[in-house]
Amino acid sequence: MLRARQGRFLLLTLVVTLFVAACSRDASQRLVVTGSSTIAPLATVLAERFEARHPGVKIDVQAGGSARGIADVRQGLATLGMVSRALKPEEGDLAADTIAHDGITMIVHRNTPVTSLTREQIVAIYTGQLRNWNEVGGPDAAITVVNKAEGRSTLELFLSHFKLSAPAIRADVVIGDNQQGIKTVAGNPQAIGYVSIGTAEYEASRGGPIRLLPLDGIEPSTATVSAGRFPLSRPLNLVHRGELGGIARDFVDFARSTEVHDLVTGQYFVPLAGR
Amino acid sequence: MSPASISFRSPAADRTLYRALALCAGLVAAILALILVYLTVASASLLVADAEAGGGLWQTQWSPSAGVFGLLAMLVGSAAVSVLALLIAVPPGLVLAIWGRFFAPPGIGALYRGTMGLLASIPSVVYGFWGLVVLVPWLNRWAPPGASLLAGALILALMILPILVLQADLALEEARRRHLAGAMALGASVSGTVRRVLLPAAAPHLVPAVLLQLGRALGETMAVLMVAGNVVQLPDSLAAPIRTLTANIALEMAYASGAHQTALFASGWLLLMLVTVLMLVARHLAARVARGARDAT
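Residue numbers (our numbering), protein chains in the order written: chain A, 14 to 288; chain B, 9 to 305.
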C-alpha cells in the first residue's frame, strides 16, 4: 500500500518536473554578449535590469576585448559583440548601435600650476623629449609619466588619438585600472596621466587632489563628451551581424533608452545625448 | 613499545587508511604535475621560438602589440625585488626573534609574537594599497617617481617579516628546549649561548624558512603591482620602476589573446621554474647546513 502510494507520488513528481522543464524551455531565451572589458560591467548591469523585466530571459555577458567581440559575432558564437570604438572600414559586414560614450582626459595633481597642455607638449612628454615641468611653465621638477598597461582600450584610444606607437612611450609608472591611475597622480604632484573622464570627474567632485586638463581648448566633462565636442572620446557599441530579431533587438533598444541613464552614469560613462 | 602495537588492530582498516592517504597524496601531486604540463603546453610555441625570429623570450624588449615578448627584464625584476626584500627583512627578522625569545620580558615577548601573528594575517592587497597612497608619495619626494624597485622591496619586506619572525622564533624555541639547560650548566652567558649554541642549532630550520619567504616574495602579485611602477626595463638604480613576472600576468591577462596570451602563460611557466629551482636549492642547502651542524657537535 505504502509502496504503491510512493510510486504514484514519484510518477506525479516526474510528470510535474517534465512539464515545468518543457514550459521553461519554451519561455527561456538566451542571449550571449561578448567583447570589450570596458563595456562588460555596463552590459552586466543592463542585463540584470533587462532580465528582471523579462522573466525567462538569460543574458550571458563575457569580457575578452573588443577584438573578441567582433570575432565572436562573425563566428556566430555571440549574438551581440561589445566594441569600445567606432567600427573600422574593413568591419563593414557588421552593424553597430552606440549605447554610451566614454571619454579620456589628461589628469595632473591639483597643486601643479600647469592648467593646460598643447597636443605637441603631451606627445613630447609621453615620448620622453620633455622631462621637466619648467619647460611647460611649471616648477623645476621631473615629470612622472603615468601610462596604461598594454592591451587596455584606454591606451589604444590614447595612442590612436595622439598618433603614437606603444614602444615609443617612455613611462615612469605603468598602471592597470583607472582607480590606480588616479591614486598614483593624487599621490604625486609631478605626475601626469590619463583616465576615463567619468571616473576622473567623479573623483575630482569628491575632493580628490587631481585636475582635469582641457584638450584643444575643450573642457573635459561628461557634458562635452555627450555633446560630441570632446576630441578624445569613443563610442561604446553593441555590434551585430545581419538583422537583429526578438530578444536581442529588445535588449539593444533597452540599452539605448533613457530608462538606463542611471546605470550608464553609474559606470562613469556618458549617456546618449538628447534622448 | 613497537609501532605495530599502537596501530589499528585490524590490518584491513590499516590498508584502507593507507589507500585513502595515498590517493589524496597522489591527487595533489597529479594536480601539480597537470599545472606544469598545462603551462608548458600553453606556452610551448614561444618557449621553442627562435630568438633570431624576433619571437624569443630571452630579451629585454616587451611590446605585445609588435609581437615582441621578451621576459628577461621581468625575470630580473622579479629576482631583484625579492632578493632585495630578503636583504631588508632577514636581519631585523632574526634580531626581533632573538630579542622576543631571550631578552624581552616574557609577557612582552608573548604580546610581540601575537602582534606578528596578526600582521602576518593582513592580506597583501592592504599592504599594497598602503604602499600606493603613503609609501610611494613619500619616496617620491626623494627619488621620483616613487613607484620603484625600492618601494616594491620595502612592501615585500614588510609582508614577509612577520612570518619570518614567527618561523625563526619556532626554530629558536626548539633549539632552546634542547640545548639551553646544557649551555647554562656549562656557565655560558645568554648572549654567548644564543650566538654559539642556539643559532647554529637552529640554522637548518632558518635557511629553509628564509628561502620559503623568498618563494612567497617571488609569487606576490597585487602588492608589488601597486607600488613597483610596472615599467618593463632592467633596473639601473633602486629608484627605477620595474615590472615583475606576476604583475605582468595580472596587468595584461584580461586583454590578452593569441600570442600575447601565450607569452603570459610563458611568464607563469618561467616563474614556476624559478620557484622550483629555488626550492631544490633550499632543500640542498638545508641538508648541507644540517650535516655541518652535526659534524660540528
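If you're looking for bench data, these hints aren't it; they were derived computationally from the structure. Where hints are given, some of them may not hold.
What the hints assert, rightly or not - Sample of chain A residues facing chain B (criterion: CB under 7 Å; computed from the structure):
{"no.": "1", "residue": "VAL136"}
{"no.": "2", "residue": "ALA155"}
{"no.": "3", "residue": "ALA162"}
{"no.": "4", "residue": "GLU163"}
{"no.": "5", "residue": "GLY164"}
{"no.": "6", "residue": "LYS196"}
{"no.": "7", "residue": "GLN203"}
Stated by the list, open to error - For each label pair, taking beta carbons as the anchor points, the in silico distance ranges come out as:
{"no.": "8", "chain 1": "B", "residue 1": "THR123", "chain 2": "A", "residue 2": "ARG66", "range": "49 to 55 Å"}
{"no.": "9", "chain 1": "B", "residue 1": "ALA151", "chain 2": "A", "residue 2": "ASN147", "range": "17 to 23 Å"}
{"no.": "10", "chain 1": "B", "residue 1": "ALA295", "chain 2": "A", "residue 2": "ARG123", "range": "57 to 63 Å"}
{"no.": "11", "chain 1": "B", "residue 1": "PRO100", "chain 2": "A", "residue 2": "LYS101", "range": "55 to 61 Å"}
{"no.": "12", "chain 1": "A", "residue 1": "ARG219", "chain 2": "B", "residue 2": "ASP244", "range": "35 to 41 Å"}
{"no.": "13", "chain 1": "B", "residue 1": "VAL76", "chain 2": "A", "residue 2": "GLU103", "range": "22 to 28 Å"}
{"no.": "14", "chain 1": "A", "residue 1": "GLY258", "chain 2": "B", "residue 2": "VAL142", "range": "32 to 38 Å"}
{"no.": "15", "chain 1": "A", "residue 1": "THR131", "chain 2": "B", "residue 2": "VAL141", "range": "45 to 51 Å"}
{"no.": "16", "chain 1": "B", "residue 1": "PHE111", "chain 2": "A", "residue 2": "ALA137", "range": "34 to 40 Å"}
{"no.": "17", "chain 1": "B", "residue 1": "ALA74", "chain 2": "A", "residue 2": "ASP275", "range": "38 to 44 Å"}
{"no.": "18", "chain 1": "B", "residue 1": "ALA112", "chain 2": "A", "residue 2": "ASP153", "range": "30 to 36 Å"}
{"no.": "19", "chain 1": "B", "residue 1": "VAL76", "chain 2": "A", "residue 2": "ASP153", "range": "33 to 39 Å"}
From a predicted model like this one, the values you see are computed outputs, not experimental measurements. Where a beta carbon is used, it is the ideal one built from N, C-alpha and C, also for glycine.
So, going through the hints one by one against the coordinates:
1. VAL136: violated (18 Å)
2. ALA155: holds (5 Å)
3. ALA162: With Cβ-Cβ at 4 Å, under 7 Å, it holds.
4. GLU163: Holds, because the Cβ-Cβ distance from GLU163/A to chain B comes to roughly 5 Å (cut-off 7 Å).
5. GLY164: Constraint on GLY164/A satisfied, holds at 3 Å.
6. LYS196: holds (5 Å)
7. GLN203: With a closest approach of 6 Å, the GLN203/A hint holds.
8. THR123/B <-> ARG66/A: 49 to 55 Å: Holds - the Cβ-Cβ distance for THR123/B and ARG66/A, about 53 Å, lies within 49 to 55 Å.
9. ALA151/B <-> ASN147/A: 17 to 23 Å: holds (19 Å)
10. ALA295/B <-> ARG123/A: 57 to 63 Å: holds (58 Å)
11. PRO100/B <-> LYS101/A: 55 to 61 Å: Roughly 57 Å apart at Cβ, these two residues keep to the hinted range, so it holds.
12. ARG219/A <-> ASP244/B: 35 to 41 Å: Holds, at about 38 Å.
13. VAL76/B <-> GLU103/A: 22 to 28 Å: The hint (22 to 28 Å, Cβ to Cβ) holds, given that VAL76/B and GLU103/A are roughly 25 Å apart.
14. GLY258/A <-> VAL142/B: 32 to 38 Å: violated (55 Å)
15. THR131/A <-> VAL141/B: 45 to 51 Å: violated (31 Å)
16. PHE111/B <-> ALA137/A: 34 to 40 Å: For ALA137/A against PHE111/B, whose Cβ atoms are near 59 Å apart, the range 34 to 40 Å is violated.
17. ALA74/B <-> ASP275/A: 38 to 44 Å: holds (42 Å)
18. ALA112/B <-> ASP153/A: 30 to 36 Å: Violated, at about 49 Å.
19. VAL76/B <-> ASP153/A: 33 to 39 Å: holds (36 Å)
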